[in-house]
Amino acid sequence: MKKIAIPGDEISSIPKRVNGTYIDKGKTYASTITMVDSDTGHLLPLEGAWSPRLNDTVVGVVTMVKNHVYEVDLSHFGRGLIIEGKFDKLSLSVGDIVDARVRDIEDRKTVILENPRKLYGGILVSIKPAKVPRVIGKENTMVKTISSITGSRLAVGYNGTIWISGGDQSAALIAIEVIENEAHTSGLTERVRIMLEKIVKPEFKELQKQREKNERDNKTDWE
Amino acid sequence: MGSSSNKPELLKNGKRLDGRDFNELRELKIEAGILKNADGSAYLEWGNNKVLAAVYGPKEAVPKHFADPTKAVIKCRYAMAPFSSLEDHGRTGPNRRAIEISKVAKEAFENVIILNDYPGAQIDIFMEILQSDGGTRAAGITAAAVALANAGIHMRDLIYSVSVGRIGEHMAIDVNKIEDNYSDADMPVAISPRNNELLLLQMDGGLTKKQYEESMVMILEAGKKIHEVQRKALEDYYSINKKNTEQE
Amino acid sequence: MEIINTLKGEHIKELLKNNRRIDTRAFMEMRHVKVKRGVLPQAEGSAQVDLGTTKVLVGIKLMPDDPMPDTPNQGNLITSAELLPLAHPEYETGPPSSESIELARVVDRGIRAGNCIDLESLVLEDKKVWSVYIDLYILNFGGNLFDASTMAAMAALLDTKIPKYENGIVVREERVKSLKIDNIVSSTTFGKIDNYMLLDMNDNEEGMADARVTICTDGTSIRAMQKGLSGSFKPEEIGSLIDVSLNEHEKIKRILEK
Numbered sequence: 089m090k091k092i093a094i095p096g097d098e099i100s101s102i103p104k105r106v107n108g109t110y111i112d113k114g115k116t117y118a119s120t121i122t123m124v125d126s127d128t129g130h131l132l133p134l135e136g137a138w139s140p141r142l143n144d145t146v147v148g149v150v151t152m153v154k155n156h157v158y159e160v161d162l163s164h165f166g167r168g169l170i171i172e173g174k175f176d177k178l179s180l181s182v183g184d185i186v187d188a189r190v191r192d193i194e195d196r197k198t199v200i201l202e203n204p205r206k207l208y209g210g211i212l213v214s215i216k217p218a219k220v221p222r223v224i225g226k227e228n229t230m231v232k233t234i235s236s237i238t239g240s241r242l243a244v245g246y247n248g249t250i251w252i253s254g255g256d257q258s259a260a261l262i263a264i265e266v267i268e269n270e271a272h273t274s275g276l277t278e279r280v281r282i283m284l285e286k287i288v289k290p291e292f293k294e295l296q297k298q299r300e301k302n303e304r305d306n307k308t309d310w311e
Numbered sequence: 006m007g008s009s010s011n012k013p014e015l016l017k018n019g020k021r022l023d024g025r026d027f028n029e030l031r032e033l034k035i036e037a038g039i040l041k042n043a044d045g046s047a048y049l050e051w052g053n054n055k056v057l058a059a060v061y062g063p064k065e066a067v068p069k070h071f072a073d074p075t076k077a078v079i080k081c082r083y084a085m086a087p088f089s090s091l092e093d094h095g096r097t098g099p100n101r102r103a104i105e106i107s108k109v110a111k112e113a114f115e116n117v118i119i120l121n122d123y124p125g126a127q128i129d130i131f132m133e134i135l136q137s138d139g140g141t142r143a144a145g146i147t148a149a150a151v152a153l154a155n156a157g158i159h160m161r162d163l164i165y166s167v168s169v170g171r172i173g174e175h176m177a178i179d180v181n182k183i184e185d186n187y188s189d190a191d192m193p194v195a196i197s198p199r200n201n202e203l204l205l206l207q208m209d210g211g212l213t214k215k216q217y218e219e220s221m222v223m224i225l226e227a228g229k230k231i232h233e234v235q236r237k238a239l240e241d242y243y244s245i246n247k248k249n250t251e252q253e
Numbered sequence: 063m064e065i066i067n068t069l070k071g072e073h074i075k076e077l078l079k080n081n082r083r084i085d086t087r088a089f090m091e092m093r094h095v096k097v098k099r100g101v102l103p104q105a106e107g108s109a110q111v112d113l114g115t116t117k118v119l120v121g122i123k124l125m126p127d128d129p130m131p132d133t134p135n136q137g138n139l140i141t142s143a144e145l146l147p148l149a150h151p152e153y154e155t156g157p158p159s160s161e162s163i164e165l166a167r168v169v170d171r172g173i174r175a176g177n178c179i180d181l182e183s184l185v186l187e188d189k190k191v192w193s194v195y196i197d198l199y200i201l202n203f204g205g206n207l208f209d210a211s212t213m214a215a216m217a218a219l220l221d222t223k224i225p226k227y228e229n230g231i232v233v234r235e236e237r238v239k240s241l242k243i244d245n246i247v248s249s250t251t252f253g254k255i256d257n258y259m260l261l262d263m264n265d266n267e268e269g270m271a272d273a274r275v276t277i278c279t280d281g282t283s284i285r286a287m288q289k290g291l292s293g294s295f296k297p298e299e300i301g302s303l304i305d306v307s308l309n310e311h312e313k314i315k316r317i318l319e320k
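Protein sequences appear in the order of chains A, B and C. Heads up: the first sequence begins at 89 in the working numbering, then just goes up one per residue. Heads up: the second sequence begins at 6 in the working numbering, then just goes up one per residue. Heads up: the third sequence begins at 63 in the working numbering, then just goes up one per residue.
Okay, chain A solo, but in the shape it has when bound:
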């Protein structure tokens, strides 16, 4: 049985340290809107800011370059810092869009990033960080569905920023909007697939078929 818990609802009669909860007098209560699976005990916070974990992917914009340190604005979250190493010179400038991985968590507002990759062109869209896992989908199924039908490249940051480039960008954008609004519903991947099949312009489908063929022939590094 799945049930929505609202702030103040008792989640457990024993203390548990879980995201979206707090402990008071030995009991655990919800601090945010949370989907509770009473059979498995699984908790899924439906709202809330991103709390960084190591290796999370983020997408942001370079806002400052100073003394070999690059500051990246991570929108809903604070900032990421990329520290240039001696042997891996970066050629990033202010205004560049990058994706990168979280290497270290400095404090609640700052993360240290590694493996930055400059993203060329495209558009950025910002969604609630709580909805990001659905945009990615189980084993990347959702993001693969979107990029295969629209022909767009996507980079999805856990901070809530998504980069879309090429293909039918507006169709991909609509798909993300649908996912954000219906993130808590089931059968979403299938619904998004059906919707995209209807709205994606034929020329992009052709383009995508071509790409898929190329991909089978020699694997590319993007999803």
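Since the hints were derived computationally from the structure, they do not count as laboratory data. Every clue listed holds true.
With a straight-line Cα cutoff of 27 Å, these simulated DSS-like cross-link-like pairs (lysine-lysine) come out: (1) B:Lys-111 with C:Lys-254; (2) B:Lys-41 with A:Lys-197; (3) C:Lys-242 with B:Lys-12; (4) C:Lys-315 with B:Lys-215.
With chain A held as given, fit chains B and C onto it using these hints.
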């Protein structure tokens, strides 16, 4: 409290003018998440009151010196629209009354928001009264609590607010404008339902201690109903009732 | 400065655990009150109240005015508060802060809800009434402005004489009668520090308070209440504080009427 000289009768055949019993709330409806730009929002109708609440944040605190490196700062605005009442055009923006309400509402929210989760951040809470018919601060706070939950702001509880009035010897819950104007006492409160602690308490008029105690019993009883409406608003938004609840 | 306050705060909390307050008072004991009436003879009424180190000066002025549209047969009551910059290092000049607005409104509410002034006796002629201006001047902040201000306002009202009004002109030099006072209210403000309840907090204690509640009574009924700060009270805690307020009322009333 209005003047005694032109005071209308507030009771008819032992009932209130709008036909309610003394412990009966006006109809209350809340819809969560109706403003796209806000991080959280709620629209509330409570009798003739119509209120829009929105939450922005957590975001970087501005101005910088306003920030607290250990916890979030809360900004709260309660304001009545100049067209909100049956009377003349009001003034735009918060007046002294509104500034006071904003202050006590802010203090109530600071009690339940887990401020330490957002060091250096600012959270804005807006309560805009679009139409007023008594009990607007209660309506504003009740709506803003839903908007805060909708924004995903970490909170210890979802608070509610309601006002109780005295009409002669009777205590009456959720007083409307005319009752508010001519009642013998008015006591708005905000309560944390998890432990029934008082987060906001104001009162004016005249109450004996016994009447105070009677009011509190009435408030806690009505509060259960208000809290259920708040819960339903959030459940509806996250469509728990839909058959296609997440299975993945 | 910050560190000094923190240490003092810890000290206050330590003392409370041993049932003591920093100035050796009992938990439900008010500081010494000194009331001086008529300190500003040019004002229609005035009073200065010292509550511990808190000093509040109240001046009352009467002005002929239009009545409020919803109360055509009553005089007006207008209360404002100034937290003067000289009263505390953190008070600044500028538009009224939410603190000063709250203070003025809570004092006003007690006096109004307590029907202290016979407002109907303030009608001068058709569509002309007296406006009673209560100005609260905070001269020194030593904690608990609410109670000191209500006392000072009440004392100043008891001191107020109505000037002569003739053919639309106020003759301030001639005072014809005293302002008619029907009821006396007293304000008692309680703080909660680590679940200890204290009456009449001083400035150091106020800095440590989690919650605060002001209860204004006339000895029989509660006339106004206002909770402040982000802490909370249980309904029954307020109930027992109401009892203390009702008890304190006689004492305060005697001081005011002296």
